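Chemist: Listed below are the residues making up each chain.
Number of protein chains: 2
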Amino acid sequence: MSAAKITCYTWESVPPFAQGLVRDLRVRWALEECGVAYQSRRVGDGPSAIARDEYLKLQPFGQVPTLQDGELTLFESGAIVLHLAEEHAALMPEDRVTRAHTKQWMFAALNTIEPPIQNLAEIDLFRAGEAWTKERRPTVVEAVQRRLKPLAAWLAERDHLVDGFTAADILMVTVLRILRHTEIVAQYPALHAYQQRCEARPAFARALAAHQADLMPWPR
Amino acid sequence: MSAAKITCYTWESVPPFAQGLVRDLRVRWALEECGVAYQSRRVGDGPSAIARDEYLKLQPFGQVPTLQDGELTLFESGAIVLHLAEEHAALMPEDRVTRAHTKQWMFAALNTIEPPIQNLAEIDLFRAGEAWTKERRPTVVEAVQRRLKPLAAWLAERDHLVDGFTAADILMVTVLRILRHTEIVAQYPALHAYQQRCEARPAFARALAAHQADLMPWPR
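Those protein sequence lines, which keep their order, are chains H and F.
Those letters in the first sequence? Residues 0 to 219, per numbering that gives the first Met the number 0, in order.
Those letters in the second sequence? Residues 0 to 219, per numbering that gives the first Met the number 0, in order.
With the rest of the complex left out, here is chain H:
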């Protein structure tokens, strides 16, 4: 087996509710869009995996993904997708204004849209049944909707966040996917169509298949 230059670290196994959502999917999608060969390496207890303690030397917060690209070790899915977009032409426009807007929407995906969505996922998937969630959940749903409504209005007038598919769409769509256990995205037809349009890309299908194929059965 010839080793690819780039390695993407992923979890060895995750519960079903997280399969197809773990953030290595973002990086795999970007790599596929850029046509860059890579190998994956699992983090866990299995024979070919890197142990979690060892992995902490690469990623101090213990999160996945991490990318190794020659001498560069890089974590944070947003930073990895940005790095790939800047080193390959496929995901980042050339002109100054559209490049800045692409980065604007990358940060919007991860700092404006994802936090309330992640809070809802925590309530529904990680803390289901805890007493506090009953009072709290409606305000979190409202916070999600308050962000998705203007996003949907933006996307009602265009096919992608900026002109053409970019790194920003990879981040935004993988954020919207976190809502798959709800009907919230479907409340906004333009947003739903946008997500489907992006997920119909062959590079997304390849990335998702590779993400799933690397996951070992749960529970380990």
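A few of these clues could be false.
The list treats identical chains as one, so a pair stands whether inside a single copy or across any two.
[Unchecked claim] Here are the simulated SDA-like pairs of lysine to any residue, each with C-alpha atoms no more than 20 Å apart in a straight line: (1) 148 <-> 54; (2) 56 <-> 39; (3) 133 <-> 62; (4) 133 <-> 89; (5) 56 <-> 71; (6) 4 <-> 39; (7) 148 <-> 57; (8) 148 <-> 137.
Simulated from the structure, these hints should not be mistaken for laboratory data.
These numbers come from a predicted model, not from an experiment.
Starting from the known structure of chain H, fit chain F onto it as the hints suggest.
Modeler: Chain F alone, transformed into the frame defined by chain H:
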């Protein structure tokens, strides 16, 4: 009065708990570090302010800050700080690896560290007294500490997130400031010293003073 080329939009007034925390501070700090002249413009009801409805045409989520830089209108504080760092040498190292690491820590500040901190701020500042917060708050504090512990370990061995002060430190320190109503940062001496080291920079003092000076009395 000669108009500066760059305009930063800010709130006309905010409650005391938000004064010194609003995200235009990040942008002002970056502008001061880069030595770039700018003017501010308030969003609100006052005579010189832009009305909120009008502002929504610039920033669909209705958040501040937004930057206008000639033909470029840009929102998301992370994207604005990145834009300034890429167009001026002061906040972004030159070599490929350190540039990538700077962006890694920018995303870590806003996507790994800020979300749990913002959740704690929401509980303590926006939803104080709501019944659900009593059960929920301890788990949010734990989530904050789980992220700050490895960050503090990282900063125990270096003065800044990467080699030298960068755009990443602006984002990380302004995220840590959100905890000022708690004693949490002080639980990590290396983190506390890091924050103080960065806040001792003259550019930070100028940015904070300008941020405060633009705020009109609360309530309006």
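Chemist: Does each hint fit the structure? Answer for all of them.
Modeler: Verification of the supplied hints:
1. 148 <-> 54: between (39 Å within a copy, 17 Å between copies)
2. 56 <-> 39: within (18 Å within a copy, 43 Å between copies)
3. 133 <-> 62: neither (29 Å within a copy, 28 Å between copies)
4. 133 <-> 89: neither (44 Å within a copy, 48 Å between copies)
5. 56 <-> 71: Within one copy only: 14 Å inside, 40 Å across.
6. 4 <-> 39: within (11 Å within a copy, 47 Å between copies)
7. 148 <-> 57: Between copies only: 16 Å across chains, 38 Å inside a chain, cut-off 20 Å.
8. 148 <-> 137: within (16 Å within a copy, 32 Å between copies)
The structure fails to meet hints 3, 4 from the earlier list, while all remaining hints are met.
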